[in-house]
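Participant: So you can see what is in the structure, the chains are spelled out below.
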Amino acid sequence: MKTLVNFFPDLFQAEVEETLKRIQSHKGVIGTMVVNAEGIPIRTTLDNSTTVQYAGLLHQLTMKAKSTVRDIDPQNDLTFLRIRSKKHEIMVAPDKEYLLIVIQNPCE
Amino acid sequence: MATSAQPWQLGLAGSAGAEALATSGTASTEGPERPGPLQDETLGVASVPSQWRGVQGIRGETKSCQTASIATAEASVQARKHVDAEVQTEAPEPVSLPSVPRYNGPQLAAFLRKVEAMVTRELNKNWQSHAFDGFEVNWAEQQQTVNCLHTLSYPPAQGQGLHVTGVSWNSTGSVVACAYGRLDDGDWSTLRSFVCAWNLDRRGLSPQQPSAVVEVPSAAMCLAFHPTRPSHVAGGLYSGEVLVWDMSRPEDPLLWRTGLTDDTHTDPVYQVVWLPEPRHSHRFQVLSVAADGKVLLWQGVGAGRLQLSAGFALAVQQLPRNTKLKKPSRGEAEVGATAVAFSSFDPSLFVLGTEGGFPLKCSLSAEEAAVTRMPSSVPLRAPAQFTFAPHGGPVYSVSCSPFHRNLFLSAGTDGHAHLYSMLQAQPLTSLQLSHKYLFAVRWSPVRPLVFAAASGEGDVQLFDLQKSSQKPTVSVKQTEDESPVYCLEFNCQQTQLLAAGDAKGTVKVWQLSSEFTEQGARETELLDQLASEVAS
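Those protein sequences? They're chains F and G, same order as listed. Numbering follows the working numbering, in which position 107 of the first sequence is assigned residue number 217; successive positions increment by one, without gaps. Numbering follows the working numbering, in which position 105 of the second sequence is assigned residue number 707; successive positions increment by one, without gaps.
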């Protein structure tokens, strides 16, 4: 794995970009971002201040949701978080190291 | 009783005494035994008690009194040590994204590969879902009607018959200020008038007593609070001057003034606006528009003077000829500007309302020099780039939409409000809101399709383009006798408040119903649709 990175660093870079582009091009998607385990945004399609706000707040909320699920049933774990608001829906896919946040404006 | 003297007793006593006298005398002369010539003898004193009047003495008794001794005690007081502290708010720092941290490429790719399928599934489901159709949640208590929260006035100004010519909310949304002046004819060039401010969040708010009052030398025509400093307010006067006050200093509120120099406006200033400086975006300049056709940018320099930093002048010859305009009468080269509004999307683009009734699209970065005979320390430029189709009378108010870059409203004395798009000269729609004049029109800061208008018939009208594009959704009567409402402003911090000032000298603060303060689901799209309609 390590040698692959040294020889083809762009390979994974391209894959990451392509995947994010695919997600972003779905119907109604306003913004996509990837946040690391500390809540620092790594990739984003929105502007700086909005991204920083979303990253910080949603990271905290995801941790809280995860601990809620684990407290209710220690064998259970959080797989997906959706927040629906008047204007749009925020979807968070959590993982050990990263968070994928997608904001979509659903058809009414 | 003095007359009850008894002289006979007196005489009797006297005669008895005399008898004794006589007897003793004769005895001495008769007695041969006693040889003696007349001898001296002393006789007893005869006293006669007076019975004239009983002596009524004044009966007196002597008494004395003494106040009890005053108790005194000595004590000393000493202030404990104290410390001075200052508080200063800082302008907010712009948010910056920290530099992208190093991350592990393959791990990120693996993560994305894992979640992509799930996310895509959810996105598709969401797009087709009807689960939330018609599902509304009410977090706040719904206010059903528009009602008047406060009626504020300043009796000395009302006593002089002054109108409220401008209102403004400050940057924190808790203070509303109004400028007094006169908008109709009258001897108001020498009238001293006032600028008053009320702090609505203070307890014990007295509607007749403003928390700050500033006397101004001439009628005030317009007012604007500083965008970040809560106590600085700029105002334009009938004499053409522009002044900036600090309302938190009651003893000397005047901060800066333009004075009456060659650069100052020669006609009443109709509107003042605060603009960020081009290089230092936390400092602000004042822009003023007046009926002499000049649009001037002022900067505060030391010693309380406002200095001209840039200026524009409108001349009829230099107006873009894309619309047919009325031919100007001979000698008239200036176009008076009566209203200004800046676009929220492009900070150098602004719209001017003119006395001729046609709005003008202008730019701060225009280069062409203006053809004008007015002397000026800074070269004046011609700002107009596009002329829109005119109203039937002067335009008193323009407002750019905060949600769409191309839309703006203008209100004129013909009673119509026109909705224009920056891209075409003819208005998109024209709404007749009043049979008399329309003095002010403002877009709502929270709902893209709502705007408010102040009419010459004393109404404040609220328009919701989503509900009806022909008649107002709500129309509230501000004045009972149909005297006009001259100005209105939405409160950007407390979005349910709307302040309106009228010709009777009162400012009414209206609380809007929830339908005007909560954005619906797809309003921005509807606004886009409206903007892209081409007027037939």
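FYI, nobody ran anything at the bench for these hints, they're computed from the structure. Just so it is clear, the structure is predicted and the values come from calculations on it, not from any experiment. Heads up, some of the hints might be wrong.
Said to hold, decoys possible - Taking lysine to any residue pairs in the SDA-like style, the calculated list, with each CA pair at most 25 Å apart, reads: (1) G:1038 - F:197; (2) F:176 - F:137; (3) F:131 - G:1067; (4) G:1073 - G:1097; (5) F:206 - F:137; (6) G:727 - F:121; (7) F:197 - G:1095; (8) G:716 - F:197; (9) G:1079 - G:1113; (10) F:197 - G:711; (11) F:131 - F:183; (12) F:176 - G:947; (13) G:1079 - F:158; (14) G:683 - F:199; (15) F:196 - G:711; (16) F:137 - G:1134; (17) G:1079 - G:749; (18) F:131 - G:808; (19) F:197 - G:1079; (20) F:137 - F:148; (21) F:196 - G:708; (22) F:197 - G:1126; (23) G:1079 - G:808.
Participant: Please verify whether residue 197 of chain F and residue 1079 of chain G have alpha carbons no more than 25 Å apart.
Facilitator: Cα-Cα ~34 Å, so violated.
Participant: Against the 25 Å threshold, does the CA-CA distance of residue 1079 of chain G and residue 808 of chain G hold or violate the hint?
Facilitator: OK: residue 1079 of chain G and residue 808 of chain G at ~23 Å, within 25 Å.
Participant: Given the hint that residue 206 of chain F pairs with residue 137 of chain F, does the C-alpha gap stay at or below 25 Å?
Facilitator: 28 Å, violated
Participant: Run the distance test for residue 1079 of chain G versus residue 1113 of chain G: straight-line Cα separation, threshold 25 Å.
Facilitator: Between residue 1079 of chain G and residue 1113 of chain G the Cα gap is close to 14 Å, so the pair holds against 25 Å.
Participant: Under the criterion that the straight-line Cα-Cα distance not exceed 25 Å, is the pair residue 137 of chain F, residue 1134 of chain G satisfied?
Facilitator: 22 Å, holds
Participant: Check whether the Cα positions of residue 1073 of chain G and residue 1097 of chain G lie no farther apart than 25 Å.
Facilitator: Holds: residue 1073 of chain G and residue 1097 of chain G sit about 23 Å apart, inside 25 Å.
Participant: Would the hint linking residue 137 of chain F and residue 148 of chain F be met if the CA-CA limit is 25 Å?
Facilitator: Violated. Residue 137 of chain F to residue 148 of chain F sits at ~30 Å, over the 25 Å cutoff.
Participant: Regarding the pair residue 683 of chain G and residue 199 of chain F, is the alpha-carbon distance no greater than 25 Å?
Facilitator: 58 Å, violated
Participant: Next pair to validate is residue 1038 of chain G with residue 197 of chain F; report whether the Cα-Cα distance is within 25 Å.
Facilitator: 39 Å, violated
Participant: Would you check the hint for residue 1079 of chain G and residue 158 of chain F, treating anything up to 25 Å between C-alpha atoms as holding?
Facilitator: 45 Å, violated
Participant: Run the distance test for residue 176 of chain F versus residue 137 of chain F: straight-line Cα separation, threshold 25 Å.
Facilitator: 28 Å, violated
Participant: Hinted pair, alpha-carbon criterion (25 Å max): residue 197 of chain F, residue 1095 of chain G. Please report holds or violated.
Facilitator: Measuring from Cα to Cα gives roughly 20 Å; hence the hint holds.
Taken one by one, the earlier hints fail for this structure at numbers 1, 2, 3, 5, 6, 8, 10, 11, 12, 13, 14, 15, 18, 19, 20 and 21, listed in ascending order.
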